[in-house]
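Undergrad: When you get a sec, could you build the whole thing from the sequences and use the hints?
Chain residues, written in single-letter form:
There are 2 protein chains.
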Amino acid sequence: MIKGIKIFPLKQISLEKGDVWHGLKKSDEGYKGFGEVYFSNVVPKQIKGWKKHLETTLNLVVLKGEIEFVFFDDRIDSETKGKFFSITASSTDKEKYIRICVFPGIWMAFRCISDDEALLMDVIDQPHSDKESLRKDLDEINYIW
Amino acid sequence: MIKGIKIFPLKQISLEKGDVWHGLKKSDEGYKGFGEVYFSNVVPKQIKGWKKHLETTLNLVVLKGEIEFVFFDDRIDSETKGKFFSITASSTDKEKYIRICVFPGIWMAFRCISDDEALLMDVIDQPHSDKESLRKDLDEINYIW
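Chains as they are written, first to last, in numbering that gives the first Met the number 0: chain A, 0 to 144; chain B, 0 to 144.
These are computed hints drawn from the structure, not numbers from a lab. As the structure is a prediction and not an experimental result, all values here were calculated from the model. Please note that a few of the clues may not be correct.
One copy or any two copies: either way a pair holds, since identical chains are not told apart in the list.
Lysine-lysine pairs mimicking BS3-like chemistry, simulated, CA-CA at most 30 Å apart [unchecked claim]: (1) Lys-25 to Lys-44; (2) Lys-10 to Lys-95; (3) Lys-135 to Lys-50; (4) Lys-82 to Lys-16; (5) Lys-16 to Lys-2; (6) Lys-44 to Lys-2; (7) Lys-31 to Lys-5; (8) Lys-10 to Lys-130; (9) Lys-44 to Lys-80; (10) Lys-16 to Lys-50; (11) Lys-10 to Lys-80; (12) Lys-25 to Lys-10; (13) Lys-24 to Lys-93; (14) Lys-16 to Lys-130; (15) Lys-5 to Lys-95; (16) Lys-135 to Lys-31; (17) Lys-16 to Lys-135; (18) Lys-135 to Lys-10; (19) Lys-130 to Lys-25; (20) Lys-93 to Lys-130.
TA: In structure tokens form, the structure reads like this:
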């Protein structure tokens, strides 16, 4: 596990007319304020990343399909420097219905591993800005997908 | 249209690896603060409702499938008292990808009209509480679905 990543199980409550799923409450650990909520679709087998946020805290919930996330820590002063951490999040497997909280400074990439397109929600603590993030091509960080 | 309902078109940005969809920003009209985000699935043809929130403002976005919403205004002092308002929101039709902002005091029910299960996101300005909402059976408000 990388310092700065936290995983929280979320509830899916079964109801006859359609389930209710929890997401994020302002009292939840890792909630740093509301700037924006947006959604990222991922085509099967495609990988989005790498991206590192310098200021923004992310709260990620997979709402459709299944996504494999990979995080990489290259922070000089981090006790988990050089480490990768991978986790699968899913809307269709109750055990894998989770919120992933990502603090600033960690590289992230994610791949759709479901047969159909996946949908990812991200609640961020400040409105989206390209100025506070860095990008690298997939092959610039050495990870075997 | 009922006073207290606002409709905002949202962007779906096409990208090769999967689209990015807008949701809600804190600077958006109708945003009253963040209490919680949760999700309601709806089985095809099923109707959820009626429900009226007394304090909570809702921000509704359909993220999967298509949902028909019906709102009813029975507020004594409202200039739209007695009126119904219906609108369809969809994730698959860019023209119908919208945010519906619902201020307190309005009855709401919604039906899944897509072939597959629909998924609705709701951002509310205070954490969920059963104490600030009223419910009625479907047949208690006279609407022909």
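Undergrad: Evaluate each hint against the coordinates.
TA: Status of each hint after checking the structure:
no.: 1; hint: Lys-25 to Lys-44; in the structure: neither (33 Å within a copy, 33 Å between copies)
no.: 2; hint: Lys-10 to Lys-95; in the structure: both (10 Å within a copy, 29 Å between copies)
no.: 3; hint: Lys-135 to Lys-50; in the structure: within (6 Å within a copy, 47 Å between copies)
no.: 4; hint: Lys-82 to Lys-16; in the structure: between (44 Å within a copy, 26 Å between copies)
no.: 5; hint: Lys-16 to Lys-2; in the structure: between (40 Å within a copy, 29 Å between copies)
no.: 6; hint: Lys-44 to Lys-2; in the structure: within (28 Å within a copy, 46 Å between copies)
no.: 7; hint: Lys-31 to Lys-5; in the structure: both (13 Å within a copy, 28 Å between copies)
no.: 8; hint: Lys-10 to Lys-130; in the structure: between (35 Å within a copy, 21 Å between copies)
no.: 9; hint: Lys-44 to Lys-80; in the structure: within (28 Å within a copy, 51 Å between copies)
no.: 10; hint: Lys-16 to Lys-50; in the structure: between (39 Å within a copy, 15 Å between copies)
no.: 11; hint: Lys-10 to Lys-80; in the structure: neither (32 Å within a copy, 38 Å between copies)
no.: 12; hint: Lys-25 to Lys-10; in the structure: both (16 Å within a copy, 26 Å between copies)
no.: 13; hint: Lys-24 to Lys-93; in the structure: both (19 Å within a copy, 29 Å between copies)
no.: 14; hint: Lys-16 to Lys-130; in the structure: between (43 Å within a copy, 22 Å between copies)
no.: 15; hint: Lys-5 to Lys-95; in the structure: within (14 Å within a copy, 35 Å between copies)
no.: 16; hint: Lys-135 to Lys-31; in the structure: within (26 Å within a copy, 36 Å between copies)
no.: 17; hint: Lys-16 to Lys-135; in the structure: between (44 Å within a copy, 16 Å between copies)
no.: 18; hint: Lys-135 to Lys-10; in the structure: between (34 Å within a copy, 26 Å between copies)
no.: 19; hint: Lys-130 to Lys-25; in the structure: both (26 Å within a copy, 18 Å between copies)
no.: 20; hint: Lys-93 to Lys-130; in the structure: between (36 Å within a copy, 28 Å between copies)
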